[in-house]
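Residue numbers (my numbering), protein chains in the order written: chain A, 1 to 406; chain B, 1001 to 1300.
Simulated from the structure, these hints should not be mistaken for lab results.
Beta carbons are placed, not taken as given, at the ideal position from N, Cα and C, and that holds for glycine.
One should not assume that every hint holds.
[What the hints assert, rightly or not] Keeping only pairs whose Cα atoms sit at most 25 Å apart, straight-line, the calculated SDA-like set for lysine to any residue is:
id : chain 1 : residue 1 : chain 2 : residue 2
1  : A       : K126      : B       : A1079
2  : B       : K1056     : A       : T277
3  : B       : K1126     : A       : P106
[Claimed, not checked] Calculated Cβ distances over 10 Å to all of chain A for the following chain B residues:
id : residue
4  : L1030
5  : R1068
6  : F1083
7  : Y1129
8  : E1163
9  : M1213
10 : D1226
11 : A1259
12 : P1264
13 : D1265
14 : L1267
15 : I1269
16 : N1295
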Amino acid sequence: MSTSEISVVRVQDASKRFIIHKEKSLKERAIGLFKDRERGKDDFWALRDVNLDIEAGSTVGLVGHNGSGKSTLLKLIGGILQPTTGTVEHRGRVAALLELGAGFHPDLTGRENVFLNASILGLSQKQTEKHFDEMVDFSGIERFIDTQVKFYSSGMYVRLAFAVAVHVDPEILLVDEVLAVGDEPFQRKCMDRIHEFQSEGRTIILVSHSAQQVGELCDRAVVLDSGRVIFDGLPERGLQVLRQGYEDARQEELEIKAVAAPSTQATLAKVELFDRTGSRAAEFDAGDSVDVALTFRSPTPLTRWRAGISIETPLAQVVYGTNTELAAVDLPTLMGERQVVFRIPRLDLVTGQYYVTAALEHADGTAIDWKSQAAMFTVHSDTRAVGTADLRPLIETRSTQDRSLA
Amino acid sequence: MTISAQERIAAVSREPLKATGRTRGWSGALKSIQDIWDRRELLGLLVRRELRARYKDSALGFFWSLVRPLTMLLVYYVAIGKFLGGERAIPSFAIFVFTGLTAWSLFSDIVAGGTGSIVGNGGLVKKIYLPREVFPLSVVGSALFNFAIQLGILIVATVVLQEPPQLSTLYYAPLAAAVLLVFGLALALTLSALNVFLRDVQYLVEVVLMVAMWASPIVYSWALVDQAIPDGFLKDLYLANPVTLCVLGFQRTFWAAGAGAAYPDHLTIRLLIALGISLVLLVIGHRVFARLEGNFAQEL
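Required output: the full structure, derived from the provided sequences and hints.
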């Protein structure tokens, strides 16, 4: 992946205001005239003063909660919406992979739709003819290409649409939540295609809820909250900020609940990490032992509860997770303060940062309290490898002829 | 064919930063015409989609696009020509009616179809940036197709009945068709944009078109209007309708039996003025469209 200093998309002070009309028909409007004029209108700012420069060749993930304005921003970049104030500029050809098959007509055959859709996405008829076989190949539905698409299964529909979209030759590709389509082999194919796009120096801007996808694909994350950019930088950090946001929202909710039902709630008070000497630590060598100590408090007796931990990468991939029930450990009634220690004898992980998420749950699995990414630690391993588990294979070579003889 | 990442980035860096979407003002209008021209292939495909999808799965297919005008012709011919005696005052009544209907249906197809075109293609408008004018324009395309079929029938009929169009009055038809196209497109652009914000427009248009058909001399002759309305404001108002002028223009060309019939004075000049005004309306309509377009995606 190579990036450069040249912006292909420049968003300056862009804001977008939506006005929600509650009335639609002439009659309702006529009645509305006699009433307070402002009552039928409700406006809100979907985006506020957004500044963004996207360099050629980079892959940027727009992330945020539902309603944070990420799709609106993508639509501004794609020219589908106009900003209320500010400017949006771009270089080169933009193609949007927004909701696949938007241009499909159910009564036309697959073949006709390929030409129509390709044309909508900006391919000329000649170019489409040239790529037609590739597209059909990619979609894997040769047999049905001359069938009307209304008879297609939804999977076939999406396959064909995606096949067309990825054969367009854009400088900037906008992707909105569409990569999770089709069965697994097809998804793999799509991801490969996106990687190929990256290696070809194309710019990709994607909106995704999948932290893993953003982590895997992007070299930059932009986090939006209530229409503002609250973070812009490395995806690892961005996802952390995003998760912190979720966590804050959850805490707020809990606090509101806590006010309603005070002090009966058991809590997870602390999450601490200790090394083999029993002192607190945040850095470990691969193979070290580590104690994950969870401190719980309960003002009232709590029976049938369980404690759980999980170790995650910064991209939210779970490395390991367990709880006292899975481990078949019986916990005594929780009253006052009590600590549960998970002793991990060997931390066989590759070099990198890891997070510990801990939870207090009822025995049936409903959450009482949890702390997401409550503790962070770094592992240093002297082996060089990718992934998370430090398996340290012994590598030897054998002559396969000998084996077959034996 | 395959170029390296560096080359691609270098290539894109040589391109200028362009404003995304529609730029405001007159330069924006010129740019949008350029945009539409660049997407003319798409326009062709959209027209074909409209035509193919319309009669797909019907056994008779395109034949149905002939049935409607022919049925209307039959109804008017029998009801008005025979029963009401229109035939007696108007020679070659069938040709006369069909001439008017051909002109009228071009106009009403453009306006009625165009009005619903943006809403009807809402799925696309919301998802992908295209010059949105292609949707009303594709309606014009399919209306022209139907028009061509009807015109073909009309010409064949005049030849068969041995009343072919005269060379001296041939130029009226293309002139009138141009007025219908420009005027219809101006209305279609404006109404399609308004319809996004107020869906009632589409129903209103249907009703108005139904009435408007009788405001032009399609099933009755201009001579009758000329007698019924005294010279003055009302008659001028009647003749101010561009569609009326176009219907008269078509009759001038194709209704050879009525060569001696009464026509308003200076029909050519009137048509040229109508064309000029329609062009101005088209520019205004396009401005309205461009102004409203920015909010299409959020209103649909």
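Hint by hint, here is what the structure shows:
1. A C-alpha spacing of about 52 Å is found between K126 of chain A and A1079 of chain B, which places the hinted pair above 25 Å, so the restraint is violated.
2. Restraint check for K1056 of chain B and T277 of chain A: not satisfied, since their Cα atoms lie roughly 79 Å apart, outside the 25 Å limit.
3. In summary, the hint linking K1126 of chain B to P106 of chain A is supported, as the alpha carbons are separated by about 18 Å, within the 25 Å threshold.
4. Interface exclusion of L1030 of chain B from chain A stands, the closest Cβ pair being 17 Å apart, more than 10 Å.
5. With a least CB separation of 20 Å from chain A, R1068 of chain B remains clear of the 10 Å interface cut-off, as annotated.
6. Consistency note on F1083 of chain B: stated as away from chain A, and its beta-carbon is indeed over 10 Å from all of that chain's, at 38 Å minimum.
7. Interface exclusion of Y1129 of chain B from chain A breaks down, the closest Cβ pair being 4 Å apart, not more than 10 Å.
8. Distance check for E1163 of chain B against chain A: the nearest CB is about 41 Å away, which clears 10 Å, and the non-interface claim stands.
9. No Cβ of chain A approaches the Cβ of M1213 of chain B within 10 Å, the least distance being about 23 Å, so the stated non-interface status holds.
10. Remark: the non-interface label on D1226 of chain B is consistent with the geometry, its nearest Cβ contact in chain A lying 38 Å away (cut-off 10 Å).
11. Once the 10 Å rule is applied to beta carbons, A1259 of chain B is consistent with being away from chain A; the minimum gap is 46 Å.
12. Remark: the non-interface label on P1264 of chain B is consistent with the geometry, its nearest Cβ contact in chain A lying 37 Å away (cut-off 10 Å).
13. No beta-carbon of chain A is positioned within 10 Å of the beta-carbon of D1265 of chain B; the least distance is around 41 Å.
14. The Cβ of L1267 of chain B lies farther than 10 Å from every Cβ of chain A, with a closest approach of about 38 Å, so its non-interface assignment holds.
15. No Cβ of chain A approaches the Cβ of I1269 of chain B within 10 Å, the least distance being about 39 Å, so the stated non-interface status holds.
16. For N1295 of chain B, the requirement that its beta carbon stay farther than 10 Å from each beta carbon of chain A is not met, with the minimum near 8 Å.
Consistency note: the structure conflicts with the earlier hints numbered 1, 2, 7, 16.
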